[in-house]
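**Student:** Take the two lone chains and join them into the complex the hints point to.
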Amino acid sequence: MATVTVTMKDLQSPVEPTWCPGCGDYGILNAVKRAMVQLGLQPHQVAFFSGIGCGSKLPDYIRANGFNSLHGRPVPIAQGFRLAHHDMVAIVVDGDGDNYGIGGNHWLHVMRRNINITHIVQNNMVYGLTKGQYAPTSMKGYVSTTSPEGTIEWPVNPIAIALAAGATFIARGFSGDPKHLADLIAKGIQHKGYALIDVFQPCVIFNRINTYDWFRERVYKLEDDPNYDPHNREMAWEKAHEWGDRIPIGIFYINEDLPTLEEQIPALAEKPLYQQEIPPKLEDLEALKLAFV
Amino acid sequence: MVKNNVNIKLGGEAGQGVESSGMGFAKAIARAGLHIFGVQDYMSRIRGGHNWYQVRVSERPLYSHESQIQLLIAFDERTIEDHLHEIVEGGAVIYDQSFKGVDDEAIKARGVIPMPLPLLKIAEEVGGNKLMMNTAAIAAACGVMDFELSYPESVIRDNFGRRKGSEIAERNIRVAEVACEEARRRYAHLFEWKLEPIPNASKRMVLNGNQALGLGALAAGCKFVASYPMTPASSLFEFMCAQAKRFGIVTRQSEDEISGILQCIGAAHAGVRAFACTSGGGFSLMVESLSLAGSTETPVVIVLAQRPGPATGLPTRTGQEDLLFALHAGHGEFPRAVLTPGTIEQCFYEMARAFNLAEKYQMPVIVFTDNFLANSIRSIDMDALDFSKVALEIDRGKLILPHEHEKIEQAVLNGYRRYEFNEDGISLRIPPGHPKAVYSVAGEEHLPEGFIDWEETAENRNRMVQKRMRKLEVAAQNDMRLPKFYGHEDADVTLVCWGSSYGPVREAVDTLNHNGLKANMLHFVDIHPLNWEQVADILESCRSWVVVESNFTGQLARWIRMNTGLKAPATIGKYDGRPLNPTYIIEHLQEVLARV
Chain A
1 MATVTVTMKD LQSPVEPTWC PGCGDYGILN AVKRAMVQLG LQPHQVAFFS
51 GIGCGSKLPD YIRANGFNSL HGRPVPIAQG FRLAHHDMVA IVVDGDGDNY
101 GIGGNHWLHV MRRNINITHI VQNNMVYGLT KGQYAPTSMK GYVSTTSPEG
151 TIEWPVNPIA IALAAGATFI ARGFSGDPKH LADLIAKGIQ HKGYALIDVF
201 QPCVIFNRIN TYDWFRERVY KLEDDPNYDP HNREMAWEKA HEWGDRIPIG
251 IFYINEDLPT LEEQIPALAE KPLYQQEIPP KLEDLEALKL AFV
Chain B
1001 MVKNNVNIKL GGEAGQGVES SGMGFAKAIA RAGLHIFGVQ DYMSRIRGGH
1051 NWYQVRVSER PLYSHESQIQ LLIAFDERTI EDHLHEIVEG GAVIYDQSFK
1101 GVDDEAIKAR GVIPMPLPLL KIAEEVGGNK LMMNTAAIAA ACGVMDFELS
1151 YPESVIRDNF GRRKGSEIAE RNIRVAEVAC EEARRRYAHL FEWKLEPIPN
1201 ASKRMVLNGN QALGLGALAA GCKFVASYPM TPASSLFEFM CAQAKRFGIV
1251 TRQSEDEISG ILQCIGAAHA GVRAFACTSG GGFSLMVESL SLAGSTETPV
1301 VIVLAQRPGP ATGLPTRTGQ EDLLFALHAG HGEFPRAVLT PGTIEQCFYE
1351 MARAFNLAEK YQMPVIVFTD NFLANSIRSI DMDALDFSKV ALEIDRGKLI
1401 LPHEHEKIEQ AVLNGYRRYE FNEDGISLRI PPGHPKAVYS VAGEEHLPEG
1451 FIDWEETAEN RNRMVQKRMR KLEVAAQNDM RLPKFYGHED ADVTLVCWGS
1501 SYGPVREAVD TLNHNGLKAN MLHFVDIHPL NWEQVADILE SCRSWVVVES
1551 NFTGQLARWI RMNTGLKAPA TIGKYDGRPL NPTYIIEHLQ EVLARV
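Heads up: the sequence lines are chains A and B, in that order. Its first residue numbered 1, the first sequence is counted upward by one per residue in my numbering. Its first residue numbered 1001, the second sequence is counted upward by one per residue in my numbering.
Please note that the accuracy of each hint is not assured.
[As the list claims (entries may be wrong)] In the DSSO-like style, the derived pairs of lysine-lysine whose C-alpha atoms are separated by at most 27 Å in a straight line are: (1) B/Lys1484 - A/Lys271; (2) A/Lys271 - B/Lys1245; (3) A/Lys192 - B/Lys1245; (4) A/Lys271 - B/Lys1407; (5) B/Lys1436 - A/Lys289; (6) A/Lys271 - B/Lys1100; (7) B/Lys1389 - A/Lys281; (8) A/Lys289 - B/Lys1407.
The set of hints was computed from the structure by calculation and includes no laboratory data.
Next up, chain B with everything else stripped away, as it sits in the complex (with noise of 0.2 Å):
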């Protein structure tokens, strides 16, 4: 017996409910004290298709999904034929008895058990409804795995109790009844892994990426969001046109990315928290506004999570190929900060960060995600997220809001120019609404008034330009932070990677070190402006190193290289719109070290 310790798929048509069963499971079993990771792959259509979900379950906390499953739920009979080859040797298949064209034999001979089960007519005669032939799948799978069904349920009632009225949440949990002890009676003895509740576990929290970075923005107080919607970005925007009512938060649905970056730029400038978050063609749209935010240097944050392009690429995959594009966008010179989160909780802190960063150096912040990451869940502790941490650390930088009447007085005795020169580039900021403070700002060249500079001085040029770029010295000083490690203290090999790859190249570290081979990780959440004769400095110390990301050309590889001299000595790429995972990575590296 295998106990907690299972990888469980769940497949079918786009609209058959394979996410939110998915979803409702993983939460059950977070609920029963387990850890959880789960991971969504669908494609761009509304019904068809093929999507699957991927639940996989630990004791310990878990940071990426694998690529060998024990037990595959399969909606539909293309289920079956795309993820047998995925399942282990003495896993199982749950499907439903009237399928046509499942090849009994063809499961058996891979070591696999079939366990045909009459879900669809259980869900008929007992439920009254053939919809909730999910919840006895799910519910079959609990009876397999020996699972207290109580959780589910709790589940159930939760999602149905309130808002279709009791009673669809009763049937369905007569249903999963039924379904759980008719898979337990004739399968139970055959399947090797189990889930056991953990007692007196303490409560925690199921959620993805993108409600992770909501969190961050609600608890770091920005108060203004405008985009249009873009996957993978649209379930963040979502989730804050969702919390606007409650905390008072303006959301606006934009014509385009432009208006959505530029209404934000317009809040921003009012002395206003707003972030605009989209995907990589509608942060295309916003370059020429990210540049007008550099120039007029307006604390705004945009969210880019990265999908596969070019163009529309794969709309709902993966990858991370527009590094270099974010760290270059915008016409001209201009400081701006990049940051990539890996986790659910960097997800969190970094967002709530991003806006201490911009308002403090002036600058546009970009935060990194992808639709690995955004879509992904995990289960993690209740304090894990700390809201009164990150309220302490909220830091305005030079910020003086217009109704802050004595403070202005005490500020501008002098007179106010809003572009005054500095030691550290930045400028005291008052934004418009104060006798004392009536200016005009420009994203033509600017004198320290604010006023387009109409002689065009060389050598208020040169000064405008110094001020600006020094804030990234300045930011890079005293707030960027370095990349850090994981894994053996002295590796003999070092994946370094960013962003969202931190879950799939942990656990392969993890793994790596299991077997015997030295290895860690060293993982960038701050990718701009950095100390690069420090991380320099840090790399060089690595015995062996090589770059881990999820695109064709290598690109934090060529961005250190381009700060830092150094080449790296492997990268290790993907660019098949599927996230990284650890059974790939470990099989590349082999493959890349036998090269280096």
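Okay, chain A solo, but in the shape it has when bound (with noise of 0.2 Å):
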């Protein structure tokens, strides 16, 4: 993809964050940043969508193609996007609440489309922009203004949801290690296809449990694991279920052995739909006519 040079600077917004500081979305930012430069992506090659949330804000803070939208529905819009103009880059990052709650309907079945796109889940295990009551994501037990007893469901599990439904790029980041998220970033967007990217991110004013201390004490690298093999779906099950005093991050699972949704596409095959001229061909159309004859 690298053709120039792009630098940390290129990709800098005029728009200032509002996130707290603090905020673990200030990583996932940088490692979005550094993943570009790495990659050589220049602001036109790339084009985010987000939901709605304190990281859905992300597009306004890196320069580049940005479509912030409503809660939980950037998925929809970044496929009808990718089919209309596959040869741009599309990013969805959005919240736990997001994908992993209300729109949790269309991530499952954007999984199962194989369609390039790289979805980074904003996961702060709390709800952060409407202040504080608990999310799909969050731990059993959780206290909150909306579990004041604590919670009693279970959280959403999602590398092992994405495991089941078919998702071929499936990892796991911390925002409080952005070079190793940059690289995960980096690696989904090299994807042939869907590729998730769930993301530990501390909410710094809402969650006193997830903090940058806890996951710190917990999280290790799958890489790191000699044994460990990412196209193994048996491993990644059984890792993806792993929780407690350790947690990991990385790539669980990845295969690159399935067509994408594009590549299915005869409308595709030539250029990019909104190069295409329209209207079709006029003789086309009339000899149409005749099958109402």
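**Tutor:** See the structure below:
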């Protein structure tokens, strides 16, 4: 992809982030930029699609194309966009509420379609922007304004669901390690097909349980285990369920052998849809009339 | 003898091929140079129940079905029970002689001729398949009407010849010949209504509203469709899917209607003409996204194929209950256009126009249809749908595509701002992809650059709201069309309607004028935005006006009153799930006129 050198400065947006000091989103923004620099991706070659929430403000904070949409809805917008303009790098950035809550159905289906989208889910295990309610990923017993006695639900397991749903690239990062995260994002962008990158992103205001320290004590990198093979589904399934004193990050699973959705659509074989001439040839349309005689 | 003026109804269980037989028969009659109007009535089930199909025939163009029939073709006993009362005196009913429980005396007592025939026997003995009973029944109808069998035969060959091998076609034709001859011999001399081909008639197309919408979308250069199937929109979606390969269109069946419209918004954001189609329930799911399209000024087209609600309502029936819903759907205030074509031709042209309006004004456009218009077929001249006219009229507004480098270089000398304020409220639209037009858009209130307005200033908010809403004024002034009259120029009563009511109201107006009451129709295709002062002038020029629509609350009447302050002197509604028809309108008109 890289033909020109892209610097962090090239990706600087004129807009100052409104995130709280210490927010995990800074690490994610930093990692996204690093990934673009690493791959030599220029601002006009990338389109971000976000939902609603603190992390979904990210498109404004990076110089690139952006679409800040509705809560839980960036995934289908990105799909439609990709199919209309498939030489654009499409990155969805949304939150745990967006993707594991309200937009859950879109997520399930985008995974089995294997469309070439990189999906960064900012998972802070709490609802930040709406000020502290529990999230689909909050741990059982988590006390919040809407679960004053502690939530009685078990949390969503994004990695296991993604594996079951047929995602072809499944990773988890930690915003406290932006360099590692940048590498995951770059690999996700390079992956041919749908790539999930679930990101632990501490909310320093509302989540007093899952803090930077809490994660630092627990996370370890899968790639540090020489016996771990991310092409092995069974191993991935086992690691997907590891939670507690040790929590894995890194690439859980990768399958490079499946065609993307775009590759299977004849209309996209020659050039992106938006570049195609309209209307169709008159003689083709006229020929269609005969079917109705 | 009554020549070329007949109304035929076929009835039977779901799965007996009522619709396909009716459609085939209608096509055969149209090939003989006659005009047809076909309407179907079916239940939400795959087998059983009761379905019917009606084919009305005339030498002049038809716009509606009628309630009275001359010939009933019964594929089962229930058809006779349900529809005997609709048959005029001297009319007839064709049925299989093996049907038990058919009361010939009761039929005769109504002045109707029972025409039992060995249809099943012919199907089995001549065709070797009892399913060919449909063919036998249609052929028998041809026999009693002295209609040349060569027309249905050509349709049979087209339907079966290519797909299943010509042997089936030939067996069907042999069945048809035997059944036709048997019916002719026994009953033709008793039956008054006859069909005679028009010599040297020009070729005509037979199509329904959804097919016309699909052709309009193709003609306008639509390249992307994402939808979730829902009756009565599904056949439009299926039509587009069937054309996808040939015309290089991307069609996607979405996981739900929310995803359908959002995928279209994504494609439209990239600079591709896109539409989603659905019915009321699916449209309900799209509402939040509609608001997003309004905020981001994304040109997306939605076809809202109505059926009666609330909730699942009557899924296979018809109504016009969603007008006020669509006009107000979505949180917040944003511009949209609502178009309600009423004929096959209007479906074609308005669908194409919807894409122009959407792109010109960078707003969502909702095109209405309903089960009646979607599924009713009409014969129209080949040149009635003019593809080259649509092609010439394609107007993408202030759009420069990202690969049009030179144009972009010239247009963005001073930098590019997606939501630049302009006199007409419409900003230059460059979809993402060009280095000189890199920007971010947001459903949240934004700055001209597209960024979310972090300061949330009152000044920017006011200007953005005014910018968006300004587009409605400009559209109303430059592009939107006033309702059109049909009928008597100096009418005593004007029937005001919208969308699919066009056909039944038009025919009611013809009948009224024929009977000496001076009447006309005022039909709205464009519902919003409109120049309402001019609409008010038009209505005030009417001596008396009655709003006719397929709903309980009188939605167009309310919309007119909301915008003009004029209260309709009377309204005629229908909400039983069945389409309006001329007889119903005339009967109710007499009642309401007595009250006005």
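**Student:** Which numbered conditions among the earlier hints are violated in the structure presented, ordered from lowest to highest?
**Tutor:** 1, 5, 6, 8
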